[in-house]
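Could you put together the complete structure from these sequences and hints?
Here is what each chain is made of, one letter per residue.
2 protein chains.
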Amino acid sequence: MSDAVSPLAVPFPPLPAIAGVTPRVARAGYKDWGRCDLTYVELAEGTVVAGVFTRNVCCSSEVELGRQNVAQGQARALVVNAGNSNAFTGYRGREAVEAIMAQVSAHLACPAEQVFVSSTGVIGVPLPKDKARAGIEAALLAEPCNWEDAAQTIGTTDTFAKGATATAMVGGVKVTLSAIIKGSGMIAPDMATMLGYIFTDAAVDPAILQQCLSQANLRTFSCITVDSDTSTSDTVLAFATGKAGNPVLASFDSAGADAFAAALEQVCRELAHLVVKDGEGAQKFIAVSVTGAVSDESARKVGLAIANSPLVKTAIAGEDANWGRVVMAVGKAGEPADRDRLSIGFGGTWAAREGQPLADYDEAPVAAHLRGREISIEVDLGLGEGRATVWTCDLTHGYISINADYRS
Amino acid sequence: MSDAVSPLAVPFPPLPAIAGVTPRVARAGYKDWGRCDLTYVELAEGTVVAGVFTRNVCCSSEVELGRQNVAQGQARALVVNAGNSNAFTGYRGREAVEAIMAQVSAHLACPAEQVFVSSTGVIGVPLPKDKARAGIEAALLAEPCNWEDAAQTIGTTDTFAKGATATAMVGGVKVTLSAIIKGSGMIAPDMATMLGYIFTDAAVDPAILQQCLSQANLRTFSCITVDSDTSTSDTVLAFATGKAGNPVLASFDSAGADAFAAALEQVCRELAHLVVKDGEGAQKFIAVSVTGAVSDESARKVGLAIANSPLVKTAIAGEDANWGRVVMAVGKAGEPADRDRLSIGFGGTWAAREGQPLADYDEAPVAAHLRGREISIEVDLGLGEGRATVWTCDLTHGYISINADYRS
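From first to last, the protein sequence lines stand for chains A and B.
Just so you know, we're using full-length UniProt numbering here: the first sequence kicks off at 1 and counts up by one.
Just so you know, we're using full-length UniProt numbering here: the second sequence kicks off at 1 and counts up by one.
Please note that a few of the clues may not be correct.
Chain A is faced by these chain B residues, among others (derived, beta-carbon under 8 angstroms) [said to hold, decoys possible]:
#, residue
1, 88
2, 227
3, 317
4, 353
5, 355
The hints are simulated quantities; they were obtained by calculation from the structure and are not laboratory data.
Glycine residues also receive a C-beta, built at the ideal position from the N, C-alpha and C atoms.
So this is what it looks like as structure tokens:
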């Protein structure tokens, strides 16, 4: 964890324990730092898993193996290494992941593909196998820890620990979700990495869990951006132990399926927002709401074009209601838009409607809104029913300092 | 022109006059500034024109009309307004452009569609018709000016005047190209705008001129980026008066067609580089060379993903040979790439080959290279024969200061 905490930081919430889930942390010493850096989570027999992974084609071995192994749907353990991302390390990096999977599967007497591994930190250096082995041995002997310890241990350049929780009634039974995430602080020479883990005691078919996670991902993690750059290691995994004793969610027609999906999406949204709130140099949290697009996906792309625009993000940093830059970003998104139907507002006040600045535009409420920490930008394309909200942070001197002023 | 000149500035070169081209400047007073802000270039009868325009769908009326009128291939005048972009101003903005076209075409007794207009500056405010009219009247009475005056007058937030020239032998006759450009400095609440004008005395069929310009554009203006944002007004026009007396270039089989195309591309490349060298906050000029892609277009897209990555650009600002960030940018480009075939170098020294850091990587020459003003990044994808070079600048505190510290 870094010293300077983000001004957008949120206190770590009380996160319930999840039956069948036992987190432990240990010190593998991947870096020369006085903190735990290996997280080991043991999962009860019968736990099912779903996952979403980075689309970066230069992904790490952890992502390759995770994407492959999530397909079989069962999980017994999660290992997260902090301080070394093991990315771009060729066959030696892959061997290090396979060694961890072999060690843990031998301990649990389970197939290796039920052991999921993530790594985050410096790239280009193969994860040291001896440190990983000793770290896991230490974790197996450690007392179980609480969620905040686990959230802190998976962190690298994060400035605060991040967690979220939700419950849902499934067939008359309360199921609970507890989740932690790290990201997206980056520090040279490392890359941004978002690693998120959701644990629930719900009984759910792995295919349904995967569908719920994929859908939630589209509206949450796929709708955030800090700087348009995409880590080679981004991973979100959901684990369901089934210990709540609810009737198994075997289809979307099952009682409580909607409630479970909504709870999962809520947790994903909270986690996604926390990542943005720890964006490098972030001083303001920005929600970009796009309506009137030809489709939801088109709205999402327009929203991301706005949220990734350095000119929009610096304008918000400067508390400047620069709707012209929003117009520019809409126009370059590559999606259907009509300059003369476009309306743009800030904090609920329209600045321009149907392609022209409002004659009676009242800048006072907009200026007051922009001085706050939570900013909203509203864009109505005036074409259809498609809508989406994406989230980002402003682009500040802090971002440059973190990413440029460092020398390797 | 701004006070603080870019450290990458290039002195304005000696630019030959072009027979049949008469530039003049005047003070329209679009802003409250003590400088000329209207450029009027009269073109001899028989001048042909070609153009390339922004792909931003929220483009200005100038761009809409220019794109439409360039199709008829003839031009008699160019008017460039600085200080007001006339973008996002609805029908009133369009009326202002049409008024300028009518005024000039009446003066020259030519069709209105042979008058080309560009505007750059503040958005959302219709170009004041009275100021434009008086400015053009003043320009018509003014003495002809030199290219440097014209280059300065089309500029807005540019920190230095930009020009380029070349010659070619066409059928035993020397033809000359002189060209000026402005961009891409931006100033809140304005947007980046790149406006470039190439004048030649060559005799060339308008369709051939358009093909030459479109091809050159693909390898020059379409290969530069400052911050990934796309102006609503970007325009490059080429005018050919035919006064050199060369045999008309009527096809690519004509004698000298290749030489003319090469000269045009050279001028476009020089202009494009000058725009990058005046990028906001730029301290370093970066050339990204991509080889081994599946196609030239794929190589260009990979190059732009690298050149647009805030993490890569801040690493160069920090003089950090952060090849991992280049890997990340390659992977997110959405183009074919294989992590384990990828090689990355800086200034001609490989840092990573075939997916792994070089064991004997010598960082000293790379560190020395990165301390310079002109940086090269080499990426070999190891897949095919496609190649491209794109150019950008680093991302510095200066960019944030220019774009965020300003308050409207």
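Here is how each hint holds up against the structure:
For residue 88 of chain B, the suggested interface contact is upheld, since its CB lies about 5 angstroms from the closest CB of chain A, less than 8 angstroms. Hint status for residue 227 of chain B relative to chain A: holds, with the closest Cβ pair at about 4 angstroms, below 8 angstroms. For residue 317 of chain B, the interface hint holds, the least distance from its beta-carbon to any beta-carbon of chain A being 4 angstroms, beneath 8 angstroms. A cut of 8 angstroms between beta carbons decides the hint on residue 353 of chain B: the least distance to chain A is about 11 angstroms, and the hint is violated.
Here the hint on residue 355 of chain B is kept, as its CB sits about 5 angstroms from the closest CB of chain A, short of 8 angstroms.
Of the numbered hints given earlier, the model fails hint 4 alone.
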